[in-house]
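Use the sequences and the hints to build the structure in full.
Oh and the sequence shown: position 53 is 53 in this note's numbering, straight run, nothing missing.
Note that these hints are calculated values from the structure, not bench results.
Worth double-checking, as some hints may not be accurate.
Computed cross-link-like contacts, BS3-like style, restricted to lysine-lysine with a CA-CA straight-line distance of at most 25 Å [what the hints assert, rightly or not]:
no.	residue 1	residue 2
1	K156	K69
2	K43	K169
3	K69	K43
4	K169	K69
5	K166	K69
6	K169	K151
7	K91	K169
8	K151	K166
9	K69	K165
10	K43	K165
11	K69	K91
12	K151	K69
13	K169	K156
14	K91	K151
15	K151	K165
16	K156	K166
Pair by pair, the computed Cβ-Cβ distance ranges are [what the hints assert, rightly or not]:
no.	residue 1	residue 2	range
17	G132	G110	34 to 42 Å
18	G144	F53	34 to 42 Å
19	I61	V95	18 to 26 Å
20	K169	R51	23 to 31 Å
We treat Cβ as the ideally placed atom computed from N, Cα and C, and that holds for glycine.
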Amino acid sequence: MDKSTELVGYILHKSTQKLLDVTMAAKRKSSDDDGEATPAIPKWVDTLARRQFTGNDDEAIGVWFVASKRVENSDLVTQQNRLYLPTEFVKANLVGLLSLEERAMANLVGDMPKAAGREHGGLRVRVYARCGFVSYLWLTRWDGSGGTVIKGSELKLFRSWSALKKGDKIDFWAFRSGGELCFAIGRP
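Structure, rendered in structure tokens:
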């Protein structure tokens, strides 16, 4: 591929991503899945996202609602070491925020199973607890269940910082810092 074709591809990708950012915000599923508008960005999420940026505090920062759920026992079991994201929200709100490369890394491209022998890694993401502490984790889709999860060795720290309990309602919000996908997860 010549350099001009690469440049055109890059420009189209960036333009498409900006268009998606604008249009996807209007199409988000609501936290109650009742057809109501997407919830307003909580102050703690906005403050946390702004801390990751330098410059004008009044500048608009892209923060997107991803999902809402109740914490289940399986989200708290250290042997499973994962936090499950509801599938319908992933399809409606998260996949469109990811580049094709990020989707492939998170195993979110179509219904393709992972390649044989591939290490079950995922897309590296930063996950912020409501208190502001950050964990470096992985976003991936598990082959067996097809469920999308956030997993990794620092998940136990996230659970501690968040003081999650079974039945807690939590919201997942996404933003980018330096191009890297970040999540803010906590009680509304």
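Structure-based check of all given hints:
1. K156 x K69: 19 Å, holds
2. K43 x K169: 17 Å, holds
3. K69 x K43: At roughly 19 Å apart (the allowed maximum being 25 Å), K43 and K69 satisfy the hint.
4. K169 x K69: Since the Cα atoms of K169 and K69 sit roughly 6 Å apart, the hinted pair holds (cutoff 25 Å).
5. K166 x K69: 11 Å, holds
6. K169 x K151: Distance of about 19 Å is within 25 Å: holds.
7. K91 x K169: 20 Å, holds
8. K151 x K166: The hint holds at about 18 Å.
9. K69 x K165: The hint holds at about 12 Å.
10. K43 x K165: Roughly 22 Å separates the two Cα atoms, so the pair holds.
11. K69 x K91: Given pair K69, K91 holds - Cα atoms ~15 Å apart, limit 25 Å.
12. K151 x K69: Holds, because 17 Å separates the two Cα atoms, which is no more than 25 Å.
13. K169 x K156: 18 Å, holds
14. K91 x K151: With Cα atoms ~19 Å apart, K91 and K151 stay inside 25 Å; holds.
15. K151 x K165: 18 Å, holds
16. K156 x K166: OK: K156 and K166 at ~15 Å, within 25 Å.
17. G132 x G110: 34 to 42 Å: Taking Cβ atoms as reference, G132 and G110 lie about 36 Å apart, which means the hint holds.
18. G144 x F53: 34 to 42 Å: 38 Å, holds
19. I61 x V95: 18 to 26 Å: At roughly 21 Å between Cβ atoms, V95 and I61 fall inside 18 to 26 Å, so the hint holds.
20. K169 x R51: 23 to 31 Å: At roughly 24 Å between Cβ atoms, R51 and K169 fall inside 23 to 31 Å, so the hint holds.
In summary, the structure agrees with every hint in the numbered list given earlier.
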